[in-house]
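K.L.:
Below are the chains, spelled out letter by letter.
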Amino acid sequence: MRKAAKVGVFLACLIPLALLLADLLGGRLGADPIRATELRTGQAGLILLVVTLAITPARRFTGWNWLGGYRRMLGLFAFGYICLHFLDWLGVDQFFALKYIWKDIVKRPYITVGFASFLLMIPLAITSSSRMVRRLGKRWAQLHALVYVAALGGIIHFVWEVKADLGEPTTYGLIVVALLMLRFVPREALGLLRPVTTAPRAPRSVSPTA
Amino acid sequence: MLIRRAPDVKPSEITPEPVYLDRRAFCAAASAAALGLAVPAALRARAPGRATDDDKPTSYENITHYNNYYEFGTGKEDPSDNAGAFRTRPWKVEVAGEIAKPGHYDLDDLLHGQTVEERVYRHRCVEGWSMVIPWSGFPLRNLINRFQPTSRARFVEFTTVYDPSQMPGQRGGVLPWPYVEGLRLDEALHPLTLVVTGLYGRALPNQNGAPLRIHVPWKYGFKSAKALVRIRFAADQPANTWNVVAPNEYGFYANVNPTVDHPRWSQARERRIGEFFRRPTLMFNGYGDQVASLYAGMDLRRNF
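Quick note, the sequences are listed as chains V and A, same order.
Letter by letter, the first sequence follows residues 258 to 467 of this note's numbering.
Letter by letter, the second sequence follows residues 3 to 306 of this note's numbering.
Just so you know, the hints here were simulated from the structure itself, not pulled from any lab data.
Each residue gets a CB set at the ideal place from its N, CA and C atoms; glycine is no exception.
Where hints are given, some of them may not hold.
If you anchor each label on the Cβ, the simulated ranges turn out as follows [said to hold, decoys possible]:
1. V/Thr384 - A/Gly86: 51 to 59 Å
2. V/Val406 - A/Asp188: 47 to 55 Å
3. V/Ile383 - A/Gly86: 49 to 57 Å
4. V/Leu344 - A/Gly299: 55 to 63 Å
5. A/Pro170 - V/Thr427: 35 to 43 Å
6. A/Ala270 - V/Pro380: 32 to 40 Å
Could you build all of it, start to finish, from the sequences and the hints given here?
P.N.:
And the structure:
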């Protein structure tokens with residue numbers, strides 16, 4: 258049952274990519290398909306990152322510890338979409354024109370921030386294995402707190418790229434800030450917030466995904 | 003109305019109707035290019051950075067479905083989705099300010115006696131993309147001369163229609179409405195500055211600024227106001243919307259200039275819609291021979 262659910266979530270994470278490929282091959286990406294693929298891969302990565310960040314607060318408030326089992330997969334999918342987004346920009350949009358690429362990274366704050374956030378996600382992806390979680394112990398959680406920095410960096414990257422319509426990036430930004438603040442709700446307060454009808458609380462998880 | 007073709011536009015420069023009707027094939031080609039499948043062919047066709055003289059008109063489909071017209075929404079396809087029912091008749095244009103003959107003119111009255119010609123213009127958006135557009139229209143100077151500006155007139159202000167009931171984008175506050183733009187009088191009188199009434203030999207589609215817009219081909223696209231309801235002649239430099247919103251990013255002049263970057267992105271190159279590689283942006287969008295003298299002695303870095 259759990260395995261089926263995991264496969265389901267895995268396939269769901271592939272939906273944005275499948276839709277993008279379908280639109281690409283069907284010629285439905287409009288007049289500037291390159292920009293459209295950049296926007297959609299970046300958007301998918303950002304949304305998945307926000308969902309990943311929501312897992313732990315959701316788990317704490319509901320007591321549904323099984324939610325934690327999806328966090329790594331969602332985070333890695335977010336990283337995967339951001340990789341596609343980066344490679345799309347590097348290889349398709351700029352066509353590896355290193356002269357311009359380096360200048361853009363240094364000179365354009367929105368590209369600087371986007372690139373830095375992408376770099377920041379690399380060590381997080383590398384240390385996402387269960388073995389690394391065990392090896393790093395306490396420091397793993399400290400390291401992975403950086404995902405908030407990466408998410409906010411990605412949102413700033415989005416804000417600085419648009420001309421006037423800030424609705425979408427602002428929405429993501431508010432959600433991430435709210436999720437970050439929920440992290441500071443003390444453990445003792447959680448018991449009061451949880452619905453009384455839930456099953457007795459499971460012992461604090463010692464699984465690697467905690 | 004006499005429709006005359008400008009002598010510098012060859013019929014061969016205009017996309018034949020069958021080609022743009024066959025847009026699915028174009029889209030497939032564009033998709034293939036985006037996938038990288040067509041890279042070798044594209045490389046043969048045009049090495050990046052090579053000086054270019056191939057200004058093939060952009061397809062009708064792309065010109066009419068990739069628009070920045072925030073009155074109808076901020077998405078590139080919002081104008082084509084939302085402008086279909088926009089009413090362009092009856093239409094009146096107020097001509098005001100420092101002129102001998104102010105008044106409210108009916109559109110047909112404004113167009114009466116004007117000789118419409120076809121002009122293929124490069125169009126460069128401040129966002130870094132460009133198109134080649136076969137407009138039909140007539141030089142703005144022909145209209146201006148009719149109104150006889152006074153000696154005090156040094157600038158012209160253009161106002162886009164304000165009608166939130168028909169323009170969903172105006173129900174939100176993305177920009178202050180109505181949209182206003184302006185030109186120096188000598189820029190407005192320049193023979194390249196066009197009053198646009200048509201596209202690809204047909205009536206101007208609503209999403210492209212019907213019934214009446216201007217196009218100033220050596221300036222970034224936002225200078226070319228759409229759906230004009232007011233033309234005002236002034237002694238002082240008028241405000242222009244994007245400059246009001248972000249004065250450090252969008253100037254009054256907004257001449258296409260590859261050496262003066264937007265504070266947030268480079269203006270050195272552009273993506274021609276329908277092409278794979280970015281191409282170098284040309285000074286004054288390639289119209290320097292005709293317009294550079296307008297700015298002789300001006301610091302274009304300061305007057306961006």
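K.L.:
Each of the hints needs a verdict: does it hold here or not?
P.N.:
Evaluation of the provided hints:
no., hint, result
1, V/Thr384 - A/Gly86: 51 to 59 Å, "holds, 53 Å"
2, V/Val406 - A/Asp188: 47 to 55 Å, "holds, 52 Å"
3, V/Ile383 - A/Gly86: 49 to 57 Å, "holds, 51 Å"
4, V/Leu344 - A/Gly299: 55 to 63 Å, "violated, 46 Å"
5, A/Pro170 - V/Thr427: 35 to 43 Å, "violated, 20 Å"
6, A/Ala270 - V/Pro380: 32 to 40 Å, "holds, 34 Å"
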